[in-house]
Amino acid sequence: MLRFALGRLLQAIPVLLVVITMTFMLVHSAPGGPFSADKAVPEEVLEALEAQYNLDQPLWQQYISYLGDVLQGDMGPSFKYPGRSVNELILSGLGTTAELGMYAMMVAIFIGVIAGVTASMRPNTAQDYVPMTAAMIGICMPSFLLGPLLVLIFGIHLEWLPVSGWNQIPGDKILPAITLGTGYAAYIARLSRGGMLEVLSQDYIRTARAKGLSEFLIISKHALRGGLIPVVAFLGPAFAGLLGGSFVVETIYQIPGLGRFYVQAAFNRDYTMILGTTVFFATLIILFNLLSDMLAVWLNPKLRQQVRGE
Amino acid sequence: MAALLDVKNLKVHFHTRNGLVKAVDDVSFSVNAGETLAIVGESGSGKSVTCYSLLDLLPKPPAKIEGGTAMFDGEDLLTCDKDRMRHFRGNDIAMIFQDPMTSLNPNLTVGEQLIEPLIYHPDKARRQDRATAKLRAIELLNEVGIVNSERRFDSYPHEFSGGMRQRVMIAMALINEPRLLICDEPTTALDVTIQAQILDLIKQLQKSRDVAVIFISHDLGVVAGIADKVLVMCNGVAMESGDTDKIFYHTENDYTRRLLDAIPEGAKTMANRAQSENLVEVSNLRTWFKDFSGPKLNIVKAVEDASLTIKRGEILGLVGESGSGKSTLGRSILQLAPTTEGTVTFDGTQLTGMSPAKLVPWRRRMQMIFQDPYASLNPRMTVFETLAEPLLYHGIADKNTVTEQVQQLMDDVGLARGHMRKYPHEFSGGQRQRIAIGRAIATKPELIIADEPVSALDVTIQAQVLDLILELVERHNLTMLFISHDLSVVRYISDRVLVMHHGVLIEQGDTEHLWANPQQDYTKNLLKAIPLADPKSERARLSS
Amino acid sequence: MNSNSTIMAAEKGTSLWEDAWIKLSKNRLALVGLGLLIFLCVISLLTPWIAPYGYEKQDLLMGATPPSAEHWLGTDVFGRDMLTRIMWGGRVSLMVGFIATAVALAIGVVYGAVAGYVGGRVDAVMMRLVDILYALPFMIFIILLMVVFGRNLLLLFFAIGAVEWLTMARIVRGQVMSLRKQEFVEAAHSLGLSQWIIIRRHIIPNTLGPVIVYTTLTIPSVMLLEAFLSFLGLGIQPPQSSWGLLINYGVETMEEYPWLLIFPGIALSLTLFALNFLGDGLRDALDPRTAKD
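Chains as they are written, first to last, in the working numbering: chain A, 1 to 310; chain B, 1 to 544; chain C, 1 to 293.
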């Protein structure tokens, strides 16, 4: 397993290199320099600024030195927040976003799996239609629509829950987590229903019934493992999606997380910040894809042995 | 003495989108302790549905039990509640299924699945702890003939061969010492030599435990040796039931008669039409595949160093078990599988190494019939389009004559002309195989390679298609390589036979000569394992 | 017997397409979805002629008003008619959905078909590339593209299309791979038919089903992506409008004028519903497993 993980990590290196290079080229081919948006800056100030950020060097030199810095874990200084490094900014938002993402993921997996498994147990009955219709609504109600609606209903109209901030008033984490998690709960519900239906139609489930096992054991011991493999495989992409969703949710609820920094950096054309965050996000996404792959392999004994046998 | 299981007037209906299907219609039978009842019928006869309904294993809906009783030891299985049913399942009544490859959970070890009926016994007083259960499971694994059972206990199903998995299934069924064992086509998915072993094992275990057995099969030959009583079913209705000998030797029912007559038996009755000229010569042929699917490049040596000749006008049989490479050999001769080494010569011209474009005129002269009539026809083309394609492509017909030629082809293979505009999914398996045969003879080929053309068909249909093939060979002067795993079929149709094992041709000879004097041990075992629809000789064979 | 009269006498069969249509027409939700979709497409096409007010027509004195007889869906803060704005926004949203999906379709089908048909080493390399691309954080790249090159509609089509083709390629490749091994394709080879005829007559018609289903399901996910970007202010640029952008404006004033959020939201959600239900219905109708019995 370890060697499999190492092998996959090695494969991730060229991917990361492509990401860094593409992002770097994109950012540096942008029309207008980073300081051109500001009010008329005196020529000599501009030159001084450019020299300070190495922008006067040829592009390839900038690229090499950036690559070197990134390898050492240094994402460089921020353009827009003088005196602060990208590393500091990322670190300051990371905890909040990670916490939000974790809650959202919990909402998604918990609700999604329960709804999907429940639906799969009695297909084409009310027990199937009700959760699956709810899931369809969840998919067709994107977070940037659901969030404002929740704020409108529970925050402004009913005044039950706080509508902005993070970790300031008790309960201010509930709405953001639900907003971010609902869409993924809906996807997971559909995936787990499909996976479970597939497994429940297998011959070995009939064998388990013929052995006299209880319905609970059949579902929990014989079916869940195979039925949830599509869900496990989805966790990697879901993580990438959650990151994207955090841009919206953190903007709506004014949460000082990485997602909001990223959107702000995009608006402010804070190039080093964009570059740094993109590389950071890419690394995370690749890492999580790897984890979800490994989990899927581990759940399948045949694959597990192939991996071990190598 | 009351019977152990007494089923009366069982009716099971399926309520499908296309209307009501009476899967089981008023069927009655009984089984006594220690007795073996065989339920025999073709596909769609309702034989499996009958047994699944006893243990409430049918999906409801669409299935619904409309009437009848099934008294097991004084209790009605059809009306008891779910909890009570769990006490029967796996404890009093156990079941073995057709396909051992899919009937075991791939995610759990074999041992874990074996001990489940013991550690989760619905009767709490009879539950055992894991350690005791494991000892019992290992003991049973030994009994069903699994070596190294202690180590194998922790293996996963994919580490076992098909035959071994079926042994595990049998051990699992017997672990709570049931009084009734239901076997649903337990040997159908297995090779003939493995089938013989599993039949032996079931018979032997039944004797030592005095357990009652219901044995479901489509193959009268398989049940001849082990059944005490036989029930013949067709389209949900019981046609006939009685003692095995009575059914086999003195049947009064037309359908049973037809089933028995359809079993290919004995030597070929038609003359050997082989001429002295060799139509096909294969020398030192080797076909290897590169398999990119795994983590490492894997080379599959499907055919190793095969040399053979096919004489003009003869039917050459090619027998072998699954994975022996017989299909690949057939495809290599037709240049459908890329050959690695060696040569194939057709009518004096070497085909190996020829470019696809150059091969086109040769393709017209040699055709193939495939095994699966469901996969061998393009589902989006009508019969007319399927049959017209080769005619038009090879310039045998033009736009004006094509309809008439297609109609003649349909007559030739026994299809009604009125079905010309229909699609494959609107036909039965036998009719589809007729369409596929029509496509193969459309170009008036000299050589036909038939790859298991009847093994997906019911026995009565199989007999019709075999007769059609023999008739067409005669009428169109065909030469044929007939590939099959079924030795009785090969004997019935071939003039000469080749035996293939693990990619190598190990023996060949004139059919009757080979049957009388097999030289290789493998061939001897193969011939010995053929089940015959003759209870007396089968019993003698099983008890030896 | 004259051959023409036998053709007339021949019973006509039911093709798999007709069979699928029969099944689809029994699925009420899918039919509602299809109807709604056609309705929306017609409205979008005719918007320049049937919109009740001019797209840019403002009435600053009136300002935001709730739904009324003159303005069925109310007006925004500049006094612009919401129904008109939603109709124009729908044009853009649907256009992005269809065009970006078409881009994904074109790339994905060709790429997947080549990989699946050629097979072997070529396939291994091509699919490895897809795996690598899958690992790239595309959403972030699209945002980056929008930031760097400005919010350009054409770029948006290609950026979204470039993400969505990966799954299409995988689906088509899987289909072609399994078809290539089917006996009827082998039969076509043994008849000596040319590669092109085999692809045209035997492969393509049998891959259409899954491609149609996946296309139907890609459109809503593309529309969602566009709305997401526009909501963040990184997609469609004013004076053009899309539902995502309208929702963005609606959020700013939702406390005072909730209808400015709710109506564009309903429009987007309903369209996504329609497409998803239609896609699910098509999947059930075209599933070869349900076609057999």
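Errors might be hidden in some of the hints.
Listed next, with one range per pair, are the computed distances between beta-carbon atoms [stated by the list, open to error]:
no., chain 1, residue 1, chain 2, residue 2, range
1, B, E150, A, S214, 28 to 36 Å
2, A, I137, C, K181, 48 to 56 Å
3, B, N284, C, E11, 49 to 57 Å
4, B, R209, A, S214, 24 to 32 Å
5, A, E215, C, R28, 41 to 49 Å
6, A, M294, C, G63, 26 to 34 Å
7, A, S214, C, V32, 52 to 60 Å
8, A, G194, C, A124, 24 to 32 Å
9, B, V147, A, S214, 47 to 55 Å
10, C, K181, B, K399, 53 to 61 Å
11, A, L71, B, D305, 51 to 59 Å
12, C, G63, A, S92, 57 to 65 Å
13, A, L287, B, P338, 50 to 58 Å
Bear in mind the hints are in silico, worked out from the structure with no lab data behind them.
Note that this is a predicted model, so its numbers are computed, not measured.
For each residue, glycine too, the CB sits at the ideal point set by N, CA and C.
Outcome of the hint check:
Hint check: E150(B) to S214(A), Cβ distance near 29 Å, so the stated range 28 to 36 Å holds. I137(A) and K181(C) have their C-beta atoms about 41 Å apart, which leaves the hinted 48 to 56 Å range violated. Hint check: N284(B) to E11(C), Cβ distance near 52 Å, so the stated range 49 to 57 Å holds. About 27 Å separates the C-beta atoms of R209(B) and S214(A), a value consistent with the hinted range of 24 to 32 Å.
Between E215(A) and R28(C), the C-beta spacing of about 31 Å breaks the proposed range 41 to 49 Å. Between M294(A) and G63(C) the Cβ separation comes to about 58 Å, which falls outside the hinted range of 26 to 34 Å. Taken as a hint, the range 52 to 60 Å is violated for the pair S214(A) and V32(C), whose Cβ atoms sit roughly 40 Å apart. Under the hint 24 to 32 Å, the C-beta atoms of G194(A) and A124(C), about 28 Å apart, fit the expected range.
Judged by the Cβ atoms, the range 47 to 55 Å given for V147(B) and S214(A) is violated: they are separated by roughly 34 Å. A C-beta distance of roughly 33 Å is found between K181(C) and K399(B), which places it outside the suggested range of 53 to 61 Å. Checked against the hint of 51 to 59 Å, the C-beta distance between L71(A) and D305(B) comes to roughly 56 Å, which is consistent with it. The supplied range of 57 to 65 Å is broken by G63(C) and S92(A), whose beta-carbon atoms lie about 41 Å from each other.
Judged by the Cβ atoms, the range 50 to 58 Å given for L287(A) and P338(B) is violated: they are separated by roughly 42 Å.
In this structure, the earlier hints numbered 2, 5, 6, 7, 9, 10, 12, 13 are contradicted, and the remaining ones agree with it.
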